[in-house]
Structure formats: C-alpha cells, structure tokens
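Take the two lone chains and join them into the complex the hints point to.
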Amino acid sequence: MSSIEVNGKSYETDEEGYLVNLAEWDEDIGKVLAQGENIDMTPSHWEVVNFLRDYYNEFQIAPAVRVLTKAIGKKLGPDKGNSQYLYELFPYGPAKQACKIAGLPKPTGCI
Amino acid sequence: MATTQLSAPPLKPYPVIPILEVGAMAGTKSFPANAQIQQALGFPGELVEDWHDKAIAKLGELLGKYRSLKVYLDACVHCGACTDKCHYFLGTGDPKNMPVARQDLLRKVYRRHFTWSGKLFPKLVGAEDLTKEVLDDWYSYFNQCSECRRCSVYCPYGIDTAEITMAAREVMDSIGLGTKYTNEIIGKVHRVGNNLGLPGPALQDTLSSIEEDLKEETGLDIRLPVNEKGAEVLLVTPSADFFAEPHVYSLMGYAKVFHAAGISWTLSTHASEAANFGMFIGNYAQMQKIATRVRESVLDLGAKRLVVGECGHAWRAAYSFWNTLIGPFDFLDPNYPVPQHICELTYDLIQRGALSFDKGANDKYVVTFHDSCNVARASRMGSLPGGQFEIPRAIIRAVAHKFVDMNPETIREKTFCCGGGGGILTDDLLEVRVKGALPRMEALQAVVESDGVNFMATICAICKAQFSKVLPYYKFNMGMVGGVHQLVGNAIRLGPK
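Chains as they are written, first to last, in my numbering: chain W, 1 to 111; chain V, 1 to 497.
Next up, chain V with everything else stripped away, as it sits in the complex (with noise of 0.2 Å):
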C-alpha cells in the first residue's frame, strides 16, 4: 500500500480558496464493487447493456418518488455561495468537488430529459445527455462526496446536496455501478449482523475478553452483557466499537456508565451494528431491511429502552429515520427519548447526580470537539434546540477540566467533515480522504498552537477511524481523537454497589 507517496498538502494559518487544478481527482475512482457483491444486494453485476436508458429510467422512477429531489435540481441559481464550503474542494482544488458543480454532473442530465427547455434547446440551458464520460464522472465525483451536508447550510435555496448524491448512487447501483466498500459491507450486515462481519462466537470471545481487561483495571465485574433477555436496555452501536482502537475505550466507557447508574442492559448479536450504510448509497430498501434488524432485536429481547452508541450517521437514521422505517415503538418506555442516544442517557445520569467524577483523571488532556456531521446537522438530542451541540461538550466539561472550542466556523452546524464519511472511508480512497480532512486539521492546528489541545473527542466511528489514519499525514499523534465515553471512562467513580 502507498503509505508514503501520498503527502497531505500544508496547513495554513487561515483558510484560503485554492487555485483550481481541473481534473485533479477525475482518476481517483473508489473500486467497484464486483458481480457477487452488487447480485447480493439485488443489484445487476455489472454495468448493463442498456445502461443509459435504464439510467434515465431509474432517475424518471425518483423524481417521481421524491419530490425534494426535483425541487434541488430545479432551484438552483448557481449563485456560488456553497463552492469554497466543500472540504473535498478546499482539499483538492478540482473544480468538479465544488458542491454546485458536482450535483451538475446530475442536473445537467436531468435538464436534458426532464426540463422541456433542455429537451428544445440543450445548449442554451446547460443540458447534456449520459455519456460514458459523463458517467465516469459521476463514479468519480459523486464517490467523492461524504454527504456531510455542510455546502447545505450555506446555500440560500436550502439544497439538500447529499440527497443529490444519494440520487445519483442509486442510479449507479441500478445499472451495475456500486462501489466495493459500501455494497460489501451490506452485504455483511445481512449475512452476519454487522459490517466487521463479526459472528456472534466472535463477538462474545471479544466481549468477555473486554470484561476481563475492565476487572483488572477497576476490580469490579463489570459486564458487557450479550442477548439477554429482559434487560431495560438494548444497546445498538457500531462494531468497530468492538474491534477497533480508540472506539473500544467508548464501549468501555458505555459499560461503566451503566454499572455505575445500576441500568441492566445487553447488546444483541443480532443487531450488533448500528451503522446503516444503506443511506449512503440512497437505498431506502436496503436502510430498512438494515433498520429491520433492530426492531427484531429489542422484541425479541424484550428490552424497554432503545439507545444508541456514538456514531454519527447510524443516529441520523435512528433520529429521523427509524419511526417511519420500523415504528411505531408504542411498546418502549415513553419516559425516555425513543430511541436515546448514548450521550443523552449519560447527560440525564449526570443532572440527575447519579454519577460522579474525578475529573483529575483527564488532567493530561486539553480537550477539544469534533461535531460529526450527520448528528450536527441531522439530528437532535434533549428537548432544546442544539442539544446535540452542547450535551457531548457538557459531558465532556463535567469529566475533564480543559476544553476549548475550536474556530466557530468549523463547529456545530458549521462543522466540517473528518473526510471520510458518506461510505468513502476505504483505503482505495485514501487521498480524498487525507485532502479532505485539511480544514479540519487547520482548525485543529489552531487550538494546538493557542492552547495546546491534545485530544480530539467526537461521538462517530467513521470520525474515529478517519483521524486515527490522516493525523500522521499531517505530523499528529494518532492517539488525539477519542470518543467521549473514553473520557468519560477514565474519570466515572466506580465503586461496589
């Protein structure tokens, strides 16, 4: 693998608008996912014959389902605001990862066969037809977009890019185009429950091996109870909490929360995933049959609460998605949010003075957060608005006495991706990703230098992942980023109940 070709471009005091490099990123394709991968999600394997009018075809069927999309590809005005908002484009300066142009790539295609002007006069209103190299442009770019949804926030008409990008990763798929890292992993999460492809055997041998390392480290049995029965609480979180570093210490960190408070729950083998990479290829079938899973699980188990460990997307799904996928829960405890997340489980416990910190315990960190933007900018948490803003920084402020913000225009809902969400976290894909995380890693870069930041938190997996690997690239500690629930583990009192 090419660890060291790749150089991350400099960091800069401020922001600056990059000089275009057209065609930059045009050969940097995700791999494609093979006939076995695409044939087992119900996909054709391979780019069909008639791939241009089935093409057209399948967008015909969803501008017909949903609405949204028609209105984004008709309303813009190509005003601009949304072009130097894309951390892709600040990254890479290809004038294709500019929000505006990248959803043209669709809407030119969509004015030539859906707009009566683009059907009488193509030229004058930027309407081209599906070319192959127009396709390839949409493999290329639309696969370079984390759906982050930033570009969103500053557009004046409220396009919703992401869902452009969906639209066009579902057209791809229909005709044989999906991409490896996506389609594989749903394919494992059907065959086996998560997207590791993590078996139940595995699954408990990792859990009791957890829970021996948590007795040696506090003394205390504290367990990571798996499918049982008549526990309150179902957990449902990402499986690279399992299996990953730093993710593990937030699983750790869940697992005392809920031995402090006294709240007996499980995990499910069944639904040992949160994560729902159906949305990200903008397959509503898939997402529910994914979502299915869930609400199997916590029938079966028979569990009162439903909560949510920290990743990002999966609690946009849960959040918004969720009661129209795989509701009603008119069966769960209606005292507490359905679903929860993790961190407003762990925020009531702490207003309500159920647990108590030695804050000391975290002394050896300044802390900082990173939104991840499906929960800043598509979801919720508490009954205030931005409670998904402030209820990880309250967390993290009762566990650890350091923490500073970093610039305002990087956080909340203005927060910029990591670079590699939106189903682009794969290795084929490593320089969009290491280019992608450089407003990022300025603003980091920022609050190192004025404050001596040495920890990153954030609530995603992908977030996780993502830093661990491009940190190095731009001379960071691996170890910056963590969850909140690791600073929460270090500093939770624990003692015999």
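Same shape as in the complex, but just chain W (with noise of 0.2 Å):
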C-alpha cells in the first residue's frame, strides 16, 4: 500500500492514489492530493470537491456527472452548470479526479 504525508502524518492511499479511510479527509489532505493531481484549488474547486463530499455521505455514492452539474449550475451559475466547465476545473474528468481530492474511492464501472 502506498501513502500520502500531510502535516507530518501518512494517510494510507491505494495504488491509484485515492485515500483509503475517507473518514480521515480534511482540507489540507485535499490540498495534498490535488498536487498529485498538478490541480491549485481555487474556491470553485472546492465548491465541486464540497458538493462531492455531502452528497456522499447522503448517497454513499459521488453524484452522477449531471447531478454535479445541475448543483454547481444553481451555486455558481447557469455558465457553470455543464461538464465542460467541470473539465476545465478537474482536467483528467471530474468524477474520477475530483473524486480523488475529495477522499472518495473511485468511480467504477463502464465510464
């Protein structure tokens, strides 16, 4: 198992970098993956990785990419209610790398 160092304490991550305990998370372990992820979070990145997290602890599960949407349009704007703004904020594909900074485990399946 690989590790992160945040604030001199290992977190345990799997091979793909996603934090293992998710109840360990908080924002500076974020600010820690999302280096990983060559990402400088800006307060609409944390909207996102926000949103992620409360819908995960109701769902057990992150949002679909157009529920995202919907809720970041309705906070942010409707300019920003759409995948291709999310594509700009988290570059690698929103469900999968926001996922990772917000402590989530990842996203399976056929997407």
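Source of the hints: derived by calculation from the structure; they are not laboratory data.
Small disclaimer: the values here were computed from a predicted structure and weren't measured.
Check each hint, because a few of them may be wrong.
Partial list, computed: chain W residues near chain V (C-beta under 7 Å) [said to hold, decoys possible]:
#, residue
1, Ser3
2, Val65
3, Ile111
Just a sample of chain W residues kept apart from chain V, beta carbon distances all over 10 Å, derived [claimed, not checked]:
#, residue
4, Ser10
5, Asp28
6, Arg53
7, Lys70
8, Asp79
9, Glu88
Ideal Cβ placement from N, Cα and C applies to all residues, glycine included.
As structure tokens, this is what we get:
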C-alpha cells in the first residue's frame, strides 16, 4: 500500500492514490491530493469537492455527472452548470479526479 | 495521473503493419485485485504456493468442460492471417499482441502437459513449461486483449481467440491472479446491484433529477420509473447510463421513445446493470450469478417484455447466453423478441409509424456509426442476418439527414474494437487503450476529412467511455462520441397524448 504525508502524518492510499479511509479526510489532505494531480485549488474547485462529499455522505456514492453539473450551475451560475466547465477544473475528468481530491473512492464501471 | 506524458501514435492515411517492438508492452500490467476483492468472488486472495500444479489442473478441468477450447488450442497452424488484425498489435507493435502469439502463451503450456508430442519432445513442437516468466506474460498480455474477436473473423479455422483469453483469465483467477478492475466491479454487482456501486436511493435521486431536466427541456412529464410492478417492459441497461456523459443522453432517449409510444416500462434497482463482467473473466458461475438478478427482477416486477439498453457485451450475454443461464422465459410475451434490444424496439416502432422525427434537430451533425465488437460479432438483431448492422444504421438514417460509413474494412463484422472492451477500461491500462484505439481513430480521421463527420454514434457504454477518454489524445473533441438513442432523443417528436 502507498501513502501520503500531510502535516507530518501518514495516510494510506490505494495503488491509484485514492485515500483508503475517507473518514481521515480534511482540507489539508485534499490540498496534498490536488497537488499530486497538478491542480491549484480555487474556491470553485472547493465548491465541487464539498458538494461531492455532502452527496457521498447522503448516498454512499459520488453524484452522477448530470446531478453534479446541475448543483454547480445552481451555486455558481448557469454558465458553469455543464461538464465542460467541470473538465476545465478537473482535466482528467470530474468524476475520477474530483473524487480523489475529495477523499472518496474511485467510481468504477463503464465510465 | 499521467495525463500529459502519454502520447498517441501518429494517424496514418492508410493502415501500415508496425515495426516490431519486442517486449514493448510486457511491463504494462493491470493492477492486481487484492485479497479482499478476490475472496469476495471465491478466488484465492493471492498467488497460491502450488500455483503451477493448480494452474495445470485448472486448465485440464477447462479442457474437459469446453471441447471448443481444446479444438482452438489444437487447430492453429500458425498461418499468420490474424497477426495484423488486432488493434492492440497495430497500436503497440508488440509481437506478443499478435493474436497468434498471445494464444501461444497458453498453447505452448497446453502442448507441454496435454499432448504426447509436447510431453516427449517439447522443443520440437513449441511446448514449454509454465514458469513464473510465462505466468507474468499471461498476466500482461491476456489482460491486453479485449476479447473482441476481430482476429477470429480472419482465421481460416475459425479459432475463437477470445475464448482462449477467457480460459487464461479463468486459470489465473483460480490461482489468485485477478485484475482489480474486473473483479472489484463484479463484487459491487453482487453487493450493490451494479458496476458503479450506485445504491437504490442514489439511483432514485438520479432518476428524479433527470425527470426534472426532461420536464424543463420538453415541458412534458417524461418518466424514468423504477421498481414499478406491472409495467409492460423491464429495461436493463448499463449503470453508466445513469451516471456518465454521454451515456445519460441515450437513457433520456429511451425514456422519450417509451413516452412517445405509450409503452409502460420500468427500471429495477435489483438489476440496475446490464453489464456482465463474468463473461470477461471467463467464469461461468459468476456470469450466471450476475444474470440471475435479471430473471429475479423480471419475475418480481411481473414485466411481460425484457429490453436491453445500449451495452455491447451485455447484448452478447443477453442474446447468446441468457436462455441457458437464466431461461426459459416462457412467461414473457412471445410476440416480441426475448430478450429485445432497445434498437429493435425503436426500429419496430419506426417501421409501424408509431414515432415521428424532426431530422433537422440533428442537422449540426454528420454522423458515422462505430459497430461495437460484441454486438457485431457475437449477436444479431431483428429477423434478418446482419440486422445488428442494419438496424442501428436505419435508426440513425430515420433521425438524422447526414450519415456516412467509415472504411468498409473497419465496420460491420470487421469492426475494430474501441480499445477498451473486455475488462480493460481502466486507468492503469490507459496506454494500451490509447494505442489500441489507433485503427478506429485512423478510420474516423478519414471520414472527418472526406465528409466532415463530427459525431460517432455507438451502442455500447464501454465504447462511449473509452472514446470520450481517448479522442482528445488524437486531437478530436471528446463530445464527438454518443449514443444512437442520443440522436433519437434529439429528433423525436413528443406531444401531449
């Protein structure tokens, strides 16, 4: 198993760099995970990450891309409620990259 | 993730057999499944100590069970007809990605242990022991095959090379060597009901959100019902249709078709997945267990028709295997195909004049169609041979003005795999996926240049996800790929009933 160092403490990650224990997550860990993805976290990034975590807490899964874009559109304005905007924030794909930064497991399947 | 380091091979105007690069892909390995994932499926958690003997015994068991496997291992004469037919060989140049060489990784061990000449004179007949190095090759190269069976079309003996890959994966699972991608997903299907791990409440929340969107778009109450007893149709579709783009646009298309035709239908949380990765790993028991959810759901909900959404290998499982896995379906309406593909359903409605379209709604598109391997080479649609090629194209022509086919050597039964099928649609094999997409990308490039194609329709969740990911590596827009029912959904005329 791999791990990441945050503030002198070590946290376990899986072979793809996803946090193993999502209860350990905090914003500092999120920032370190984002650095690994070459992403500078802005307030817009945090909006997405926080929404993912809230949704996950309720449903035990990350939201569908369409559910996410609609929620972000409501919060940040209709011009941002689309997957193109999310890809600008998270170029490798909002589902996988934003989940990783949010400390959530990687969505699997034919996606 | 290494998004920028990986670059795609250059597109060439015509196919060229690559210069061999021995061992180029030997080190490219899918992440192995951990003990927890393996044990959940009843496989050993890690490579067992007596793996050699166990592997040979398992191979013997499979040879006893599947006569076809023995025929395929015996029949090859190394004529070479398949060598340049595999997209992974064409994209990577690694000779062990030639179908004949990939199969020989298993065939040489078969000869050593199961033929008299291989037992007595191994060197003369290309027989070899199963060493750790050979096993490493198995893990690398049998997980760089998408079981698409294009090579089989060109094999003069009709050797089904996918069946050899499946057997190799089955042997590896039995000694503790599974891949994380396939086996974690199969575990989720058993635990949660679908590949994504989308629990019932999340599915319902997602579907009501899409109903809201459809209401906003059309002003109509177009429903996405779930677990509705007594609905005429149970639709089983890939869970990616609920979750990802462009998949979800096809889901909205199916809903519009059912609405316009006035057919009552439902999804099921218990069978919220059409995919059957048990097929990819060659494991009959897993395949049957996954398929059983569908039978249970259709009986529980009392549906009279069973319809399958846009998912390539699911249609193979449904069309070719469901009857023996979970049949008979004598309780379903015999006036309709059992099971029925969503394209058959829509095509039938078009033929009967039950749907009408504003083709102009798709005028921004010049459309081409990518035949998905499992639909093309392992199934059929409609009542005529080749229906699996004609019906999706007929639907596209009914809903869009501009349609062109790609190079005939790359479509229909000769179609190239998208590069992500057969259980390798995973980030850790991205290099294999990008390179394996090369032949399809070359054929696409040609019609982009000649006809201005800007939309490649397909009827498989894996193809959609794979192309969305790899198109940008070839400088195409990821939005160029979408579903046939996405186009249907754009053009269908909906009125208050």
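Q. Which hint numbers does the structure go against, in order from smallest to largest?
A. 1 and 7
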